[in-house]
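Undergrad: Here's the letter readout for the chains.
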Amino acid sequence: MPVDPMLQGLVAGFAVEAQEVIQKVTMDLLELEREGLEPAALTRLYVRLGRHLHTLKGSAASLGLQDLGDIAHKLEDALAPLKANPQKMPRPVVDVLLHGLDLFMLRAQAHADGRGDALPDPAAALAQLVADGPAPESVATRVPPPQAPAATAGHVPEPVEEATLASEAAALLAQESLPESADAGWRVSVRQVTALMREVERLREVRLRVEERGRELERVVGVLAKQGLLAETAEARTLLAGTGRLLRTDGEETSDIVDALEEGLKAITTRPVRTILDPLQRMVRDLSRQLGKEARLSVVGSELSLDRRLLEKLQGALVHLLRNAVDHGLEMPSERERAGKHHEGALTLRVEQQGNLLFLECSDDGAGIDLARVRKVAESRGVVTSDEVSRFNENQIRDLIFRPGFSTRTDVTDTSGRGVGLDAVRASVEAMQGRIEVNSTPGQGTRFVMTLPVDLGSSPVLVVRALEQLVGLPMLAVEATQLARADSLRIGKRKAHLEYQGQLLPVVDVGARLGLRALAPPAEGQPLLIVQSGGKRVALGVDAVVGDRDLVIRPLPSEVRDVPAWQGAATLSRGELLLICRPDWLVTESGQLTVAAQRRALVVDDSLTARALHRAMLEAGGFSVHLAASGARALERLATDTYDVVICDLDMEEMDGTQLIARLRAKPETATLPVILVSAHDSAPARERGLAAGADGYLSKRECAAGRLLAEVLDVMSRRGGRA
Amino acid sequence: MKILPRTMEEAQEQEAAELLERRASRLREQGETTVEEAVHWIAEFPLGEERYALSLEMLRAALPLKMVTPVPLSAPHVVGVLRFQGQVVSALSLASMLGGHGWRQDPAVLLVVDRGDGELCALDCEAIPRPTTLPMSAVETARTRAEGPVMEVFTQDRQLIHLIDLKRLFAMRATGGRNAR
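In the order they appear, the protein sequences are chains E and A.
So the first sequence is numbered by our numbering: it starts at 97 and just counts up by one.
So the second sequence is numbered by our numbering: it starts at 13 and just counts up by one.
Everything labelled a hint here was simulated from the structure, so no lab data went into it.
Don't be surprised by glycine CBs; every beta carbon is placed ideally from N, CA and C.
Mixed in with the good hints, there may be bad ones.
Taking CB as the label site, the calculated pair distances span [as the list claims (entries may be wrong)]:
hint	chain 1	residue 1	chain 2	residue 2	range
1	E	G338	A	L31	52 to 60 Å
2	A	K179	E	R815	41 to 49 Å
3	E	Q578	A	K179	37 to 45 Å
4	A	T156	E	A767	57 to 65 Å
5	A	Q117	E	P660	55 to 63 Å
6	A	K179	E	D811	39 to 47 Å
7	E	S779	A	R38	44 to 52 Å
8	E	G588	A	Q117	47 to 55 Å
9	A	A183	E	P188	55 to 63 Å
10	A	E164	E	I364	54 to 62 Å
Not everything, but these chain E residues come out facing chain A in the computed CB check (under 8 Å) [claimed, not checked]:
hint	residue
11	K322
12	L612
13	L652
14	V656
15	W662
16	E672
17	L709
18	A712
19	E750
Bound conformation, chain E alone (with noise of 0.2 Å):
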């Protein structure tokens, strides 16, 4: 039968609209299940419902889809008693209303596709439909309307409810009812919408480029200020005053529009995370009947808006984890009664957003990973052989259950058995650019965590330095910031902390975490931040703060994507890049302290390749490494640090090496210390020129790409009486 165009496109967004309803629909009957709701909100509940019910009836006889009304209304039916007499929805009204509500959609989303003259007679599902409910009268008796409260005298109660209830839904319905031209849009592609916001991000770095101009504008009326040519410049430098405010207001418009038009595109490109997490209810609830467990769902962190792409494939993983840990985790309700914890299971799905990362965290209070039960059911799978399993470590074989293949089912259900899931959330994760851990305790529970990059939009991040790295922090992570003061620090032989509200944090110093230098206590008036993850708090301390950004953080190529400490890179007004440190590893205990007996090595050079080139060969030779990039930097470095021996360039600006052996030469402390030249001047008089400015060793850059670096620092040292 032809179908009229326009009619098929009504239906289509019939089928849309009636999604929605019906989830909300879905969430009102898990509500109505519960108990303990007062009876205003069991009231609210019933008259909601049966607007939205018939709402659906409604638009489906609108648009002539008789069998959908026809469900509609008799799911109205079943509704009606209890509307009359609110109370708890009993289980199997709930189930009935439920299976209607997946009836519905079933059929509205065959007429949005073009198939409703192939379905087939509505009546017998709706006979089923009728048959399995409860008798209308039984549910109006089951449980004895609510007392009404004491009335005053002369104050008939119902009728005002009623009045009440009436002019509420009234008002509810008043609201759906706004014409649609408020709401009408385009469509327009993931790849225009993305486009666009590549041009957002790039007008927020025109936006601080602007700001840098202005910066520079007012150094250059300083520089005219000083030349001691006030009289003569007098109307250059008011011009480019002027031109400076003027520069500023425009600067401060641009952000503004930049902020609008980021919002906007939020708006339009993102959606709550609870469209997809409220659809879990109904599967958690369902699920846990069909295996005879109880588990209840709760949600933190539902209220964030993602990009919808990113919840689209999210949504897969997350369905498997929550099914994995009702299947898998909870424990039957006599036995969680028997271990001493409630008879109904909890789930938790926690979502956090910091800077450019998403948490999410899936985790159940039941039985926790049997660890002997995953080794051997992993060899007797094939997963791992016993030889190899036999050399790992907890973590090792917790993670064997990401392994393709794996599954502690041994019969084939429909919930799981098939070896296919935890393996395919991973590989999904990893197609995000993700990455998913799971810690589990015997008898307490299970926590799948995945992080996540998202890429949409700026954040707020503190910019701070540690000595010439700056470093970006997800504000969201950073609480406070003080300078640190020896009445509030404890310093004991390997460890410092800050008193900070009655409680003692780590103090973690960011040069040495990052391996920039070696660890020591912080000085008095060093900035120190309180910062924030997953609920432990460290104190940070840094060499200064440089202030805040907004700035939009991109993610890490492949090949620094895995260094733990890094979460992303955002453009700096020059067009550099800062690179953002992932607050939840700076909360984690480092194992910097066991190195301490590693030789150490400073590489001073200017030149950031050989920095990176001695820095690998010395590394692979067994050194710690720390870089300088000029003659400045090293002295600063050896005021404060140790080192077993020194590889210094010979030509570098401001400072040569042989400036700085001389600076060395000088220090009784730096007077023995092993120094090798290294320069791109092979000839004999360079050679003696190095040596006789007190150098120990002098290789060409030849000799280095010879491979000769690692035993003419080997030998050195040992002449010098080293640890060579």
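With the hints as your guide, set chain A onto chain E.
TA: Frame of chain E, contents of chain A only:
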């Protein structure tokens, strides 16, 4: 209107960038137009004491080595990260990746290349590479002989060139190979 003159450094930087861009586009054009000849276009450069080359078709740009942000705690072959056409790319030490120990001069150039998997990265280099050709038959023979990512190819004047297969080089690193030679 008063115009502020460019500083010497700015002028030099801009001229260097323009020169590099002109050369890179010329190299790309040459590579595209001579496919029908039985030669393989390469970008050749010295590395230590030897001559190395990349397929010209993998070269996207040659940039001055600046604005690279070091990445503490990264692998030794990672020099840092930089911004290229709006995206964050890694700057890698080619000498280190190939198991070498250094350059004769400090690298001044970054070659932005396609890793062979669609992702871009930048490799350090002593100087802007020289475009030249290798006989296609010699390249094919070397390719079948080579097990690793570096193929030894002889030019017509019997000079040895180490031709780097970037796809193999990065695939090998991904599977845990440390030195490529």
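Undergrad: Each hint should be assessed against the structure and marked as holding or not.
TA: Outcome of the hint check:
no.: 1; hint: G338(E) to L31(A): 52 to 60 Å; verdict: 38 Å, violated
no.: 2; hint: K179(A) to R815(E): 41 to 49 Å; verdict: 46 Å, holds
no.: 3; hint: Q578(E) to K179(A): 37 to 45 Å; verdict: 52 Å, violated
no.: 4; hint: T156(A) to A767(E): 57 to 65 Å; verdict: 60 Å, holds
no.: 5; hint: Q117(A) to P660(E): 55 to 63 Å; verdict: 35 Å, violated
no.: 6; hint: K179(A) to D811(E): 39 to 47 Å; verdict: 40 Å, holds
no.: 7; hint: S779(E) to R38(A): 44 to 52 Å; verdict: 36 Å, violated
no.: 8; hint: G588(E) to Q117(A): 47 to 55 Å; verdict: 48 Å, holds
no.: 9; hint: A183(A) to P188(E): 55 to 63 Å; verdict: 59 Å, holds
no.: 10; hint: E164(A) to I364(E): 54 to 62 Å; verdict: 55 Å, holds
no.: 11; hint: K322; verdict: 17 Å, violated
no.: 12; hint: L612; verdict: 6 Å, holds
no.: 13; hint: L652; verdict: 6 Å, holds
no.: 14; hint: V656; verdict: 5 Å, holds
no.: 15; hint: W662; verdict: 7 Å, holds
no.: 16; hint: E672; verdict: 5 Å, holds
no.: 17; hint: L709; verdict: 5 Å, holds
no.: 18; hint: A712; verdict: 3 Å, holds
no.: 19; hint: E750; verdict: 16 Å, violated
Comparing the model with each numbered hint stated earlier shows that hints 1, 3, 5, 7, 11, 19 do not hold.
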